[in-house]
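Trainee: Under numbering that gives the first Met the number 0, the residues of the sequence shown are numbered 0 to 474, in order.
Hints in this document: simulated from the structure, not taken from any laboratory. Among these hints, one or two may not hold up.
Once the Cα atoms are required to be at most 35 Å apart in a straight line, the calculated DSBU-like pairs of lysine-lysine come out as [as the list claims (entries may be wrong)]:
#	residue 1	residue 2
1	K275	K208
2	K75	K275
3	K358	K369
4	K359	K34
5	K126	K365
6	K369	K391
7	K217	K34
8	K275	K380
9	K358	K217
10	K126	K57
11	K111	K122
12	K75	K34
13	K126	K179
14	K122	K289
15	K34	K365
16	K190	K359
17	K458	K34
18	K126	K111
19	K190	K358
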Amino acid sequence: MNENFDVCVIGAGVVGCAVARELSAYDLSVCVIEKEEDVCSGTSKANSAIVHAGYDAKPGTVKARMNVRGAELIRKLSGTLDFSYRENGSLVLCFDEADLPKLNDLYERGQKNGVEGLRILSKEQVKELEPAVSDNVVSALLAPTAGIVCPFGMTVAFAENAAENGVVFRFLTAVTDIRKTDGGFEIETDKGVFRAKYVVNAAGVYSDKLHNMVSGKKLSITPRRGEYVLLDREAGDLVSHTVFQLPGAYGKGVLVTPTVHGNLLVGPSADDTDDKEDTSTTADGTASVKERALLSVPSVPYNKTITGFSGLRAHEAGDDFIIGEPDDAPGFFDAAGIESPGLTSAPAIGEYIAAELAKKAGAARKKDFKAERRGIPQASKLPLEERAALIKRDPAYGNIVCRCESISEGEIREAIRRTPGAVSLDGVKRRVRAGMGRCQAGFCTPLTMRIISEELGIKMTDVTKNRPGSEQIKG
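Let's have the full structure, built from the sequences with the hints guiding it.
Mentor: This is the structure:
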């Protein structure tokens, strides 16, 4: 298979999909190449789901600029593209008066970065806002513009809106080489050659590998594994803000935060690894995360834990995002080293790269660009009259498949039918949360598999958890 496009975006995580969505507003043919079976299958699926306010990044860095702009864009796009977001604010806790200068440094940094509403709170003010916080707190930085978001929902929203505006997605397609040509680039994959005038490198922990194929100025990305503990909705209202500890050398420490879906999330750890696929969890890592979280919120009810998971962050030695064209590879646009606050920054990175690339290509904006997208309605959350009308139009919305999350057959079928649609159990889970609840898919898996089998016209034995090789039924 050989295909030609104006632009090939490599990587269908939140950054790649944000870039693709922005590029779809221009008169350009765009393809997204992804080695997994779906969007949001790498770093974007396993993170803190935090919209950072922007006080942490060093002033003047690309991180700082993209963080603040990205947070602003997410507030707007959550309405335009219909994904879950809540501005719940964050607290950075200080437990020692000797560390108050560090807290003030964060405040000053945030002021320089243009973060609005920052305040230093007394112990009494912190306890009034969050009674469950440790009595050892002496002060905290309040960032009211911080938020929480559904990372799956945001990534899928970018991808679906991009597809509606003409972007093509090629899944299960791994890049093996990139060659410069007179007309742009040849991208060798295990499914054939793609030719493009421009390339956007949004490959996460593999972005150094792709960059080094075309540039003499080498990059080195270190995968940094972070482990998390997710608690049931019964624990979801323990805190209302995202609660951080003062940052250390490996990041912002262990956080305790509500999620937009009502759970409580604790984590992450920070362990560097040489393995770009190592998303394992460990007994020691889980124990460490739990113990450190108790410093902030001593009453975290770990008996309500429903699962643990880990994700990889793409750490670059320069500790800043690498965005734009290398001097020796014009037309090749990096979005590399995108670690925290990468999720927050994704819309801003997409906006910036698309504008720069379109300018270089001389591409005009489309007159018929469709900027809005509506998500899949969750029947159980609709007002009764709307729910009844939906079920009358399609009775499948009245058949509950996932009882923990109250997800109907109609939602699952629509998740598969959309473009790009779910083709696996994980793809369904990320779009509509079937299997995300207390039983962790223990009861709804067979029914969801049957629906996937029917919709895709495949055998039950061919239904996968994610990529080929993860079939759920053998023999």
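Trainee: It remains to establish, for every hint, whether it holds in the given structure.
Mentor: Going down the list of hints, with the structure as the test:
Between the alpha carbons of K275 and K208 the distance comes to roughly 11 Å, so the proposed pair stays at or under 35 Å and holds. Proximity of K75 to K275 is assessed by CA-CA distance (about 33 Å); at most 35 Å being required, the pair is judged to hold. Between K358 and K369 the alpha-carbon distance is near 21 Å, which keeps this suggested pair within the 35 Å criterion. With a C-alpha separation of about 28 Å, the suggested pairing of K359 with K34 holds against the 35 Å cut-off.
A threshold of 35 Å between alpha carbons decides the hint, and for K126 with K365 the separation of about 51 Å lies outside it, so the pair is violated. The straight-line distance between the Cα atoms of K369 and K391 is roughly 29 Å, inside the 35 Å bound, and the hint therefore holds. With a CA separation close to 23 Å, the supplied pair K217 and K34 stays within the 35 Å bound. A distance of roughly 39 Å separates the Cα atoms of K275 and K380; the hinted pair therefore is violated under the 35 Å criterion.
Of the pairs offered as hints, the one joining K358 and K217 holds, with about 26 Å between alpha carbons and a cut-off of 35 Å not exceeded. A hinted pair counts as satisfied when its Cα atoms are at most 35 Å apart, and K126 with K57 qualifies at roughly 29 Å. For a cut-off of 35 Å, the pair hint linking K111 to K122 stands: about 25 Å separates their Cα positions. The suggested pairing of K75 with K34 holds, with an alpha-carbon distance near 30 Å, which does not exceed 35 Å.
Distance hint between K126 and K179 is unfulfilled; the C-alpha atoms sit about 59 Å from each other, more than 35 Å. The suggested pairing of K122 with K289 holds, with an alpha-carbon distance near 23 Å, which does not exceed 35 Å. Between the alpha carbons of K34 and K365 the distance comes to roughly 29 Å, so the proposed pair stays at or under 35 Å and holds. A hinted pair counts as satisfied when its Cα atoms are at most 35 Å apart, and K190 with K359 qualifies at roughly 29 Å.
In summary, the hint linking K458 to K34 is supported, as the alpha carbons are separated by about 23 Å, within the 35 Å threshold. About 28 Å separates the Cα atoms of K126 and K111, which keeps this hinted pair within 35 Å; it holds. The straight-line distance between the Cα atoms of K190 and K358 is roughly 31 Å, inside the 35 Å bound, and the hint therefore holds.
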